[in-house]
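Asker: Chain by chain, the residues:
There are 2 protein chains.
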Amino acid sequence: MTTPRYIAVDWGTSSFRLWMIGSDGSVLGESRSDEGMTTAAKTGFAEVLAKHLATVGAPETTPVIVCGMAGAKQGWVEAGYIDVPTSLSAILTGAVSVPGQSRDVRILPGLAQRDKASPDVIRGEETQLLGALEPDSTGPQAVCMPGTHSKWVHVEDADVIGFSTFMTGELFDAISKHTILSHAVAGVDQSPADNSAFKASVTAAFHQPEMASNLLFTARSGQLLHGLSAAAAQARISGTLIGLEIAGALSDAANDTPIVLVASGRLQKLYETAFKSLSLKFTTVDADAAVLRGLSAAAAAIWQQ
Amino acid sequence: MTTPRYIAVDWGTSSFRLWMIGSDGSVLGESRSDEGMTTAAKTGFAEVLAKHLATVGAPETTPVIVCGMAGAKQGWVEAGYIDVPTSLSAILTGAVSVPGQSRDVRILPGLAQRDKASPDVIRGEETQLLGALEPDSTGPQAVCMPGTHSKWVHVEDADVIGFSTFMTGELFDAISKHTILSHAVAGVDQSPADNSAFKASVTAAFHQPEMASNLLFTARSGQLLHGLSAAAAQARISGTLIGLEIAGALSDAANDTPIVLVASGRLQKLYETAFKSLSLKFTTVDADAAVLRGLSAAAAAIWQQ
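Chains as they are written, first to last, in the numbering used here: chain A, 1 to 305; chain B, 306 to 610.
Just chain A, same shape as in the assembly (with noise of 0.2 Å):
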């Protein structure tokens, strides 16, 4: 029987989630709940973590590989960050040990980008790109990690060269519910059904992107003077920020340069309809497969395993 070797934990803002890897790599055990950075920071990191070892059943001494906020200042044990430009496997050796802990836990550093001009910062999906790409990949790529806050990050060789973040997600939020947009979508489901209006949305922004704030605007006068449907004006609010979050993301890119989304679900679907309706050429990798191959390259290169 395979023995436990070590623990993974993916630990974001709203989300908690780990694995007990065994000694021939394969998942002996896995938890999840919401119990992310905010829920944490008050009831204690430590008694979350050891009630989802608990539950998995871990032995005492496996030790604990862990990315995401816990890293952060407002987090369990500040991890800093890596500054780039960097290699990746920089990042593998930036974990920082949590003190007074009966194991082993160490907390992967975030990325940062301390240019004037574009600050930012990354927590968690470093390791996510560290399980995406492949070891040996050589050339420029462009990897699209969306979500609350869609995080882009260029790659040369096995370099990172410079990440952005664009809120798509938040604002796509804010967007829906806060202001006038929200009449128009009252009662629709999240995921945008009009896949036409989607794709039209995607690529007016793509092309553009300086009317961004006029084209959101078009999901309530479409209404006012075409009848849109409020599937339709919903979709056209998603696409309009999409498109507008990939025309940044590659303005500075080469027009051949490969896209690795690194996504699944809602998500996955989503990005995959803009790159098709744009002929931009993609890779998809599953988020949750890519941050558990982040994780366990991070223990490989920790423990030696």
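Hint data in this document are derived by calculation from the structure and do not stem from the laboratory. C-beta atoms are modelled at their ideal positions from N, C-alpha and C, and glycine is treated no differently. Any given hint could be a false lead.
For lysine-lysine, the following PhoX-like pairs were computed, each having C-alpha atoms within a straight-line distance of at most 20 Å [as the list claims (entries may be wrong)]:
#1 A:Lys42 with A:Lys73
#2 A:Lys199 with B:Lys421
#3 B:Lys574 with B:Lys586
#4 A:Lys177 with B:Lys482
#5 B:Lys504 with B:Lys574
#6 A:Lys276 with A:Lys199
#7 A:Lys116 with B:Lys504
#8 B:Lys504 with B:Lys581
#9 B:Lys347 with B:Lys378
Partial pick of chain B residues on the chain A-facing surface, computed with a CB cut under 10 Å [unchecked claim]:
#10 Ala422
#11 Trp457
#12 Lys482
#13 Ile485
Assemble the complex: chain A is given as a structure, and chain B must be docked to it using the hints.
Answerer: Frame of chain A, contents of chain B only:
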């Protein structure tokens, strides 16, 4: 003594303004409140108007000319839209009478742009526009009416060619209050106090509109990495949204198109600063004076005064 000739009313979504105008064109009385369409739809439009007429002591037969949301579908009496392209003077002839009133009450129509790609509507600003432009103006002009929803109208000679709405003010509000950036701007007044941060962001967004949702995020990452002040963070949000708006509004215009800014107070200062930092030529017309001049032109056309 000059006698009351007509009553001019600018009835917006959230504000009500009434002027009593004498036979010599002078303002004999004025009354304002926050009884805009939203409030009046509940308390009664006729009642709100009667109260303000009493405040200024309007004679029983003095006619009333109204512009704004009182003419919307959800307003008092729907005044419809004049389709663009149109001559400015068509607005004057499209007024609708409010039935069942003891005095003559008319509401001016809005403007509609019905093409499929860029549907848009204006209600209220068409009257500001009437008052802002010289009757004998020639050539192309871009008229900017900033606000919750900024309106840019493209005029050629005395014809309205087309227009665009940008959700600048409402986006600023939703982003400042309902995203992670609310922490970045906590405790700051509404007016951007950091002028240099504002100008830098206007310029950045104008020249790289595709980076808008990334530039917004730098209000936070700039604080994390460079100790950006809350005032500068707010100026960055405001500047980014205004720079994006101007880039979009002028994207189809010739470089030397004269801009007419119709604004007052805080917004006037903000947009003047933005235009100057982009080296754009503009003239400013006071927004209150413009709407009153527009209403007067309509009164003169309707009642041959």
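Asker: It remains to establish, for every hint, whether it holds in the given structure.
Answerer: To see whether the hints hold, each was checked on the structure:
For a cut-off of 20 Å, the pair hint linking Lys42 of chain A to Lys73 of chain A stands: about 14 Å separates their Cα positions. Under the criterion of a C-alpha separation no larger than 20 Å, the hint pairing Lys199 of chain A with Lys421 of chain B is consistent with the structure, at around 15 Å. As the CA atoms of Lys574 of chain B and Lys586 of chain B are separated by approximately 15 Å, the hinted pair is consistent with the 20 Å bound. Only pairs whose Cα atoms come within 20 Å are accepted, and Lys177 of chain A paired with Lys482 of chain B is accepted, the gap being roughly 12 Å.
For the hint pairing Lys504 of chain B with Lys574 of chain B, the CA-to-CA distance comes to about 12 Å; that is within 20 Å, so the pair holds. Distance hint between Lys276 of chain A and Lys199 of chain A is fulfilled; the C-alpha atoms sit about 9 Å from each other, no more than 20 Å. Taken as a hint, the Lys116 of chain A and Lys504 of chain B pair is honoured in the structure, with Cα atoms around 15 Å apart against an allowance of 20 Å. Between Lys504 of chain B and Lys581 of chain B, the direct Cα distance comes to roughly 9 Å. Compliance with the 20 Å bound is thereby established for this hinted pair.
Between Lys347 of chain B and Lys378 of chain B the alpha-carbon distance is near 14 Å, which keeps this suggested pair within the 20 Å criterion. With a cut of 10 Å, the hint placing Ala422 of chain B at the interface with chain A holds, because the nearest CB-to-CB distance is about 8 Å. For Trp457 of chain B, the interface hint holds, the least distance from its beta-carbon to any beta-carbon of chain A being 9 Å, beneath 10 Å. Checking Lys482 of chain B against chain A: minimum C-beta separation of about 7 Å stays under 10 Å; hint holds.
Annotation: interface hint on Ile485 of chain B holds; nearest CB of chain A at approximately 7 Å, less than 10 Å.
Taken one by one, the earlier hints all hold for this structure without exception.
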